[in-house]
Structure formats: structure tokens, C-alpha cells
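Enquirer: Make one complex out of these two single chains by using the hints.
Protein chains in written order, with UniProt numbering: chain Z, 1 to 337; chain B, 1 to 281.
Calculated directly from the structure, the hints in this document are not laboratory data. Check the hints yourself; a few may be wrong.
With the C-beta cut set under 8 Å, the calculated list includes, among others, these residues of chain Z facing chain B [unchecked claim]:
1. Arg-72
2. Ser-94
3. Glu-107
4. Glu-113
5. Tyr-124
6. Ala-139
The calculated lysine-lysine pairs, modelled on DSS-like cross-linking and capped at a C-alpha distance of 27 Å, are [to be verified]:
7. Lys-47(B) - Lys-280(B)
8. Lys-47(B) - Lys-114(B)
9. Lys-114(B) - Lys-152(Z)
10. Lys-152(Z) - Lys-47(B)
11. Lys-229(Z) - Lys-280(B)
12. Lys-229(Z) - Lys-240(Z)
13. Lys-151(Z) - Lys-114(B)
14. Lys-151(Z) - Lys-47(B)
For each label pair, taking beta carbons as the anchor points, the in silico distance ranges come out as [unchecked claim]:
15. Arg-126(Z) - Lys-220(B): 53 to 59 Å
16. Phe-65(B) - Ala-75(Z): 50 to 56 Å
17. Arg-278(B) - Ala-277(Z): 52 to 58 Å
18. Ser-125(Z) - Val-229(B): 49 to 55 Å
19. Asp-147(Z) - Met-204(B): 39 to 45 Å
20. Lys-280(B) - Gly-237(Z): 39 to 45 Å
Fair warning: this is a prediction, and the values are worked out from it, not measured in the lab. Ideal Cβ positions, reconstructed from N, Cα and C, are used throughout, including at glycine.
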Amino acid sequence: MTSLYQSVRNTETRNRTHGKVRDRDEREKSFGTTHAVAGVDLAVSAGGVYGVLGPNGAGKTTTIRMLATLLRPDAGEAQVLGYDVVRDAQAVRSRVGLTGQFASVDEDLTGVENLLLLARLLGYSRRRGRQRATDLLDALGLAEAADRQVKKYSGGMRRRIDIAASLVVTPELIFLDEPTTGLDPRSRNQVWEIVRGMVAEGATVLLTTQYLDEADQLADRIAVIDHGKVIAEGSSGELKASVGAGSLHVRLRAPEQRAEAERVLASVLEVPAEPSADPAALSARISDPERVARALAELSRSGIDVTEFALGQPSLDEVFLTLTGHAAEETPEEDAA
Amino acid sequence: MNATTAEQASAPVTEDALRSVLLAGERPSRPGPVLTSLTFGWRALLKIKHVPEQLVDVTLFPIMFTLMFTYLFGGALAGSTQAYLQFLLPGILVQANVMITMNTGITLNTDIQKGVFDRFRSLPVWRPSPLVGALLGDVMRYSIGSAIVITLGLVLGFRPEGGAVGVVLSVVLLLVFSFCLSWLWTMLSLILRTPNSVAGVSMMVMFPLTFVSNIFVDPKTMPGWMQAVVEVNPITHLATVVRGLMDGSVPAGEIGWVLVSSVLLVAVFGPITMVLYRNKE
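Looking at chain B on its own, in the form it has when it is part of the complex (with noise of 0.2 Å):
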């Protein structure tokens, strides 16, 4: 049946329901920040249910990358494919995961230009909760994207020596880290007009962060002025961590860095966004 049958099988508008409707006056008592940020994650969740087919970047864009990666420059650059595997793999969950978050601004600025964000906007609710909320959804596709690069690896042969723990805690600094770098993609997508441009400005500063760090490559055969960018690039801490981590060592220096820079991303982009947020006319 379409659209049209059914509207017009349907009674368009019975006084009474309306009535009744209107008349029932019930004023629920504000919900919290914590209640309507969950409750903006739940529709981030029901969207994943309706348009599956968004999950290709958590799911199979991942699983092309480890293996692409793997067997192209495994027997090169390390000898073997299972040597560098083991090397590469926790570069690639960070890769994967630090990729995903691209979709964030995507997400919200095509909620802009469909006028959802509006009628968010026009709510009694705690400003930032959409945002939050859709970030939040977010860290669930960030879990899919790594359960599957870690099942991935576990199957070509990973064997991570730091257990189950060292696993389930570099996955955890990394979902935090991601939360935190969702803010700048937040903040692009209320400057830019379309999807496609925050899409596009995206690339731009993903490709050369996540290449210009030791995801692939152990730094020292780069150039000197290279190996600096690579020092400050906060990707390559994050490597190191999860690298570490899932290597059984715990690097906290390391650590400190990465939750560092995780409360400067924050620090930083959510008050801009924020403001953006409000004043976007």
C-alpha cells in the first residue's frame, strides 16, 4: 500500500481525538541533562536501525584497511605479514576508529539542512544534549568499528600479550579519545553550508593525521622535520598507548598525553561549538 491509498483510507482529523488531545494538559516536570542526552543517543541508536547500511564505514571500511594494510606492506616493511600484523593492528583500530568520527559532522549538518535541528533547538531541553547525544550514539558505532577490527586481527593471527584487560582498556582510552575529537567536526559542521563540504574538509585534516603518525611506520626512517609533526601528532600517542596496552606494558606517560589532549579537544572545540550552536541563524 502507498502513501497516498492509506492517507486517504484514513479520516484525516476526528474532532474528538483532537479534542481530547489538546485538553489533555499534562506537563511532565523537565527532564535532565543526563535523561535527554541519552534520550538524543536512543534516536542516534533507532537511525542505525532504519538505515543500516550507514554502518559501512564502521564495518567494512575497517575490515578493507587491516587487510589491505596487512598483506600490501606486511612482507615489506616488517618481513613478514604476521610480524607487521602485530605491529599494525593496534594502529589500525586507532586509525578506524579516529576515521569514524568524521561521520559526527556529517550527521549533524545534514540534521541541519533538513530543519531537525530546529525543532531540537526549539526545546526546552539542555543545549548541548543533541550534540552529546549524538556523540554518544556515536561511541556505539566507535565499539562496532573496533570489535570488529580486534575480531578481525584476533582471526589473521594477533595475539595481543596484554590479555583481555590491556584490550578492553586501550578500546576504552580510545572511544574517550574519539568522544573528545567529535567536538571539532561538531564545530565544522556549523560553519560549513553543506554535508558534502564538512565531508570533504574532513579528509583533508583526517589524511594527513592518521598518516603522519607511527600508525604504519615506526618514525625513525622519516625525515627530522617529519619525525616532529609525527611527536606532536596526538594520533601517535594514541598509537603508542593502545600499542602498549594491548602489549601488556603500561606506558602512563603516554597515557597522561592522550587524556591531555582529550580534555584540550573539549576545552576547546565544545565551547566553539556551543556558541555556534546557539547563534547559528
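Extracted from the complex, chain Z is given alone in its bound form (with noise of 0.2 Å):
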């Protein structure tokens, strides 16, 4: 049903100096020439978002650049709306938006000059260009900050105006690199409210982000790339399945009585229970959510008080540990470097 909008294929992408706009020394140097993006294949159709999750240097920028034409790749090849980056590289760049930690905004520049400069370089008359301006700052509730420096711009309104710089002509496909990372909550579900307004009124957005929430609350999609590498790829409701149908997390009113709730959860559930931090409380990763109701009747029929019995689905979180081996989130020591 959906039609294929946009397809990546990289086999073996290498990229020398990955990660020199964000990343910092100490990475570029352990990472030396490995591979930064090795055999990352998407397939976006149009319209919604598509996100690509993972960790700081799991190669999503590296892969954004590559697709914005912003970097080559040494191998394999990638394709936008049907063009190629390396041989139509006007085409694809008359097409996208580009907005992220690496296509920023000149910040002495006020807001209405950075957005007038845009639309002039893009083919606008003077006039029309500065009607463009102005309506892409109302749009994006920028009109107040409109003849501020950037520089001036609380980090939330820095988002914005760099989100608006993508669109100052409609493009057909958006890249948003990281357009929360380090925003306060306001700010982010301003950014949301934005990203959600653009998907409805039909655009096509690329998505990439390091937060689960993020993609999980935006994306149609998402991708699931480490080490340069896509490991899953599916819907958030698919990629929780795939790890199981989720957990049930059972607290007992008397404590003394968690080793036998145990034995019954693991008879009935036919999964191992396990027992939390919290004394009183057990958890059991199911693959079938019908015993679930069984296992309620089963533990009341044993005497056990049961002050709480909830069922979740898997976190992504719980989907990345499952995939990787390890967390998504990097460490906070990491983050600040």
C-alpha cells in the first residue's frame, strides 16, 4: 500500500573521519578507519515519520550526512526520492530539508535575515522571499524573535528557527538530526507538536533520535542501528513484539509469600518469575498474554494477596537490550564529553 518513497542501500559504507562535527577527539581517533555506517538499508515511504534510533555514535548522523549529500560514501550507494547522492546531488538537494546539529544557522544573523538569505538563494524575489519569511516565523511562533540576533534564541526557539531554515521551500523529504537532544520538555513537545503538525499535513519526515520515548511517540517506523549497522527494523508495536508480548509485574501485600507466587507464576506462565528489588513485587516476561488471566485466578486460589498485577508492553528500552545486548541511552560521563 505504501508506495516506496525512498530507499538507502548502503552496503559498506566507510567514512574515514566519522563523526567529526559532533563527536569528539577521543572517538575519531579510537575509531580510526573503521567502518562508521556498514550496511544500513532503509526503505521510507511517503508520508509519517520514519525514525532512526540509536546510540550516540551508532553512525546516524554519519548516515543523514550521507543522504543530505553532505558526505560521500566510499562504497555501496544511496538513493533519495529516486536519485542518487553521489550523481544527482542537486537533485536530492533541491528536494530535501536539512535540519540538525550540523546544518544550523548563522546566529548573527537576525531570524527573518537567515530566513530571507535562504529563500533569496532558493530563487525567491525580495519581496516574496520576505512573505515567505515572515510567514514560516508566525508559523512556528517566531514572529515576536523575528528581528533578534539567533545568538539571542533560547534553545527552544533555536530548534524552531533551524526547523523553519528547512522549509523555507516545502521539501519533499525532512531530516530532523536529533531535534530534541538537550531541549527542556517544553521546548521538546513544542518540537513534537511541530513534527506531528508537519506529518499531517502529509510530509515525509527522517527521523533520528537517541531517545525511545522520541520514536516511539513519532515515528511510524523506526530502525534500530548500532555499530553503523541496522539491527531491526519495524513499527514500535513490531519491534516490542519481537521481543515478547511483554511483561507482568505482580506486587503482593505480604512479602513471605513471594517464593510460592513465584512457583505459581512459573507453572502457570510456563516462563521463569522473577523477583524484583522491591520485596513484595515479581515480574515475568510472557510470550502469552492469555495465561496472564490464569495465572490472576491461580494465585488468588492459593491464598496470595495481590495488591498490584499489571501488564506492559515492552518498553523500547527492553527492545534495545534485547537487540544489542546493551542500554540505548548512553552513559551521562559520555553524553557531557
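Expert: Rendered as C-alpha cells:
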């Protein structure tokens, strides 16, 4: 049903100086000549948000930079909207919008000057360009800041002007590279609102993020990448299903009954139940949700009082852990580096 | 009103407005290389408007140099400051301009650091236009610097025998040479990592280039090997041309030398810059 909108095929894409833009020196050195992106194979259909999820250094930015023609793949090929990113680079450039940590606006200029500059470069007349700039600033709630230098913008406003800059000529595909990294929750919600608004109007967005809840909230389909490879692909629901139906959390009134509860659950669910840190609680990863009702009945028949009995879908965190063997989010020290 | 209160006061997104900007599917035709280069030049002028203090190197710096060298060396080198000014001013004009060109590389490197550069590279415009535009903006800065040096010279008593025509011609030639020399800095700024290192390396090139020339003294008193260096230094030829034109003579051979070295500078550093620009990672 979905048309094949964009396909990206990088069988082996190496990049000698991966991560120069946002990663730090130690990463560059330790990465040396490893494959920053090797075997990223994405097919994005028209409309909606396609999320690329992965930790720092997984190759997300490298992938987007290649798709946006800023980086030449060393091997393999990539097509965006049917155009080859190397051979038809100009065709790609005129059809995509780019927003990210690496595609910024000029901090010395005002909001309206930045947009007018881009409008003029994209072929608008001076008058039409100014109109377009004003309309964009209005639409993204930046009208009051139009004549202020961008360096005086707050983080959230900065992200919105970056998005506005990628919409000067309505793009067929919008790249958003970590649009909410470092934003406070309020500004993050504003950016999400904008992304949802764009999608409601039929835009296609390719979003990278290291936040699981962001991918979960916004993306229709998600590719999980790690060490430059796509390790899983699908809707958020499919990814969750791939690691099991979810998990069952049970809390007992009497902690001393936990051993017995563990035995009962294990026999009904046919999977091991595991004690939680909370002495009165235990949980089990379940494969067959139908057994859950029976488990509850069995517990009450055995005289075990239950205060909490919750069935949860697995979080993307669990998905990531299952797929990669390590957690998705970077440790704080590495984030701060 | 600070940024935060302004942000809270404004409605973040209005759905109707967002819809109308996204649906306004205007696709203007792509502008040509001249227009995009001029537009990038306009950006450079806007930056001068917003950050006027960046003009220090084209205003105070040349004034300081002119005054310093005239009164420091005038008496000792030429017998009087007045006589020395007549010799020095065209040379200082050359030095001031050539020194200002370094700024090109520092500015470009800052753009790369801040990510503005990647936004420009992602646009469907003639590839060299961001660089050409930046250089055109710099030509404006060179003009300001030249006007200041010449005005100061006239105030101090410099009298160009070549008249207004000679002065204007020499400045035009100077701008052409400076524009061409700037490609050396664009290349450097794409190789080096930080604006500071660009500034450092530029200084290392610029100091010997301007001092080991005929800008300050007649090379006759220098040792032979140094005279040889001075003789091949393009800055020497440039200073000779500016001096000649301001003095009312037309040193045709020297003008040819300057034009050839200008063309060579672009022919060598232009393509290297563009290759680096295309493959910048």
C-alpha cells in the first residue's frame, strides 16, 4: 500500500573521519578507520515519520549526512527520492530539507534575515522571500523574535528557527537530526507538536534520535541502528512484539509469600518469574498474554493476596537491550564529553 | 524582555499557519551563480552591520600602522617623516589590504565550526557561491580599509602625483589581487580545524610576505639573498605598481606581473579549495 518513497542501500559505507562534526576527538581517534556506517538499508514510505534510533556514535548522523549529500559514501550507494546522492546530488539537494546539529543558521543574523537569505538563494524574489520568511516565523511561533539575532534565542527557539530554515521551499523529505537533544521538556513538546503538524499536512520526515520515547511517540516505523548497522526495523509495536508480548508485574500484600507466588506464576505462565528489587514484587516476561488471566486466578486460589497486577508492553529500552545486549542511552559521562 | 519570557508569551505553533506554509508549494526556479554569489555577499554585509567591531582590522589596524611606521622610521630612513610618507603610504596600503585578507579564512572556519557551512553546502546552488560571496563581502572590507589609509595619508600630507585616476586604478588592482590571494586562506580554513589555528598559520605566512618586500625600505641595502627573495615576492611587485600608479607613471610590466600572479593564485588555490569543499566531512 505504501509507495516506495526512498530507498537507501549502503552495503559497505566507510568513512575515514567519522563524527568530526559532533563527536569528540577521542572518538575520532579510537574509531580510526572503522566502518562508521556499514550495511544501512532503509526503505522509507511517503508520509509520516521514519525514526532512526541508536545511541551516540551508532552512525545516525553519518547516515543523514550521506543522504543529504554532505558526505560521499566510500562504497555502496544511496538513493533519496529516486535520485542517487552522488550522481544526482543537486536534484537531492533541491528536494530535501535539513535540520540538525550540523546544519545550522547564522547566529549573527536575525531570524528573518536568515530565512530571507535562504529564500533568496532558493530563487524567491526579494518581496516574496520576505513574505515567506514572515509566514514561516509566524507558523513556528517566532514572530516576536523575527528581528532578534539568533544567538539571543533560547534553545527551543533555536531548534524552531532551524526547522523553519529547512521549510523555506516545502521539501519532499525532511531530515531532522536529533531535533530535541538537550531541550527542556516544554520545548521538546513544542518540537514534537511541529513534527506532528508537518506530518498531518503530508510531510515525510526522517528523524534520528537517541531517545526511545521520542521514537515511540513520533515514528511510524523505526530502524534501530548500532555500530553502523541496522539491527532491527519495524513499527514500534512490531519491535516490541519481537521481544515478547510484554511483561507482567505483580506486587503482593505479604512479602513472605513471594517464593510461593514465584512458583505459581512459573507453572502457569511457563516462563520463569523473577523477584524484583522490591521484596514484595516480582515480574515475568510473558510470551502468551492469555495465560495471564489464569495466573491471577491461580494466585487467588493459592491464598496469595495481590495488591498490584499489571501487564505492560515491553518498552523500547527492553527492545534495545534484547537486540544489542546493551542499553540504548549513553552513560551521562559520555554525554557530557 | 529576555528570550525566555518572549518564548513563553508566543504561541509555539499555530496549526493553520503551519498548514498554509507547508501547502504553499511554491518552487521558484533556481537562481544563477551571479545572483547566489551576490546573495552570499549580502550576508557578509549583514554580518558587518550586526557585528561592526569586526571592522577593527580594516579601520584601527591600518591607522595604527600608518602612524607608527611614518613617525617611527620616517626620520631615520628618509630624513623626514614627510619624505618617508610619500614612499611608505602606497606600501602601507598594500600591507593593510593583504593583512585583511586573512580574515576570510578565519570567518570561513568559524562558519564550518558552527554548522552554517553545512547548511549552505546542502543547498542546490552553484557550489563555489558561498565562498565567492564571502570574498565579495570581503572586497567591501578591503575598500573600506583602502579608503581609510588613503584619507589618513592625505591628511598627513601624502600627495599622489598620479591624481584621483592613479589612486583609483591602484586600489582596483589591489582589490583584484586581494580577492585572488584570499583563495589561499579559504583553502587553509578547510584544512585546519579551528579559527585560531587558521589565524596562527596565516600570520606566519603574512608577516614574512609583507615585511620581506619593498614596502618599508628600498631593498638595495639588503643582503643579496634577501634581495632575491624580495624580487620574487608578489607583494613587492604589487607595492611597485601601487607606488607607480599613485606617482603618475604606468609600470606596465609590473602590472602584468601582478595580474599574472593573481590569476595563478586563483588557478592553484581555487580548485584545491573546491575539492576540499566538496569532500569536507
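Enquirer: If a hint holds in the structure, say so; if it does not, say that too.
Expert: The hints, checked one at a time:
1. Arg-72: With a minimum Cβ separation of about 7 Å from chain B (threshold 8 Å), the hint on Arg-72(Z) holds.
2. Ser-94: holds (4 Å)
3. Glu-107: Check passed: Cβ of Glu-107(Z) comes within 7 Å of chain B, closer than 8 Å.
4. Glu-113: holds (6 Å)
5. Tyr-124: holds (5 Å)
6. Ala-139: Since the shortest Cβ distance to chain B is 4 Å, the answer is holds.
7. Lys-47(B) - Lys-280(B): Holds: Lys-47(B) and Lys-280(B) sit about 24 Å apart, inside 27 Å.
8. Lys-47(B) - Lys-114(B): holds (15 Å)
9. Lys-114(B) - Lys-152(Z): Distance of about 15 Å is within 27 Å: holds.
10. Lys-152(Z) - Lys-47(B): holds (15 Å)
11. Lys-229(Z) - Lys-280(B): This hinted pair holds, its Cα atoms lying about 23 Å apart.
12. Lys-229(Z) - Lys-240(Z): holds (19 Å)
13. Lys-151(Z) - Lys-114(B): holds (11 Å)
14. Lys-151(Z) - Lys-47(B): Holds, at about 13 Å.
15. Arg-126(Z) - Lys-220(B): 53 to 59 Å: Roughly 56 Å apart at Cβ, these two residues keep to the hinted range, so it holds.
16. Phe-65(B) - Ala-75(Z): 50 to 56 Å: Cβ of Phe-65(B) to Cβ of Ala-75(Z): about 53 Å, so the range 50 to 56 Å holds.
17. Arg-278(B) - Ala-277(Z): 52 to 58 Å: holds (55 Å)
18. Ser-125(Z) - Val-229(B): 49 to 55 Å: holds (53 Å)
19. Asp-147(Z) - Met-204(B): 39 to 45 Å: Once the Cβ atoms are compared, 41 Å apart, the range 39 to 45 Å for Met-204(B) and Asp-147(Z) holds.
20. Lys-280(B) - Gly-237(Z): 39 to 45 Å: Given range 39 to 45 Å: holds, Cβ gap about 40 Å.
Of the numbered hints listed earlier, not one is contradicted by the structure.
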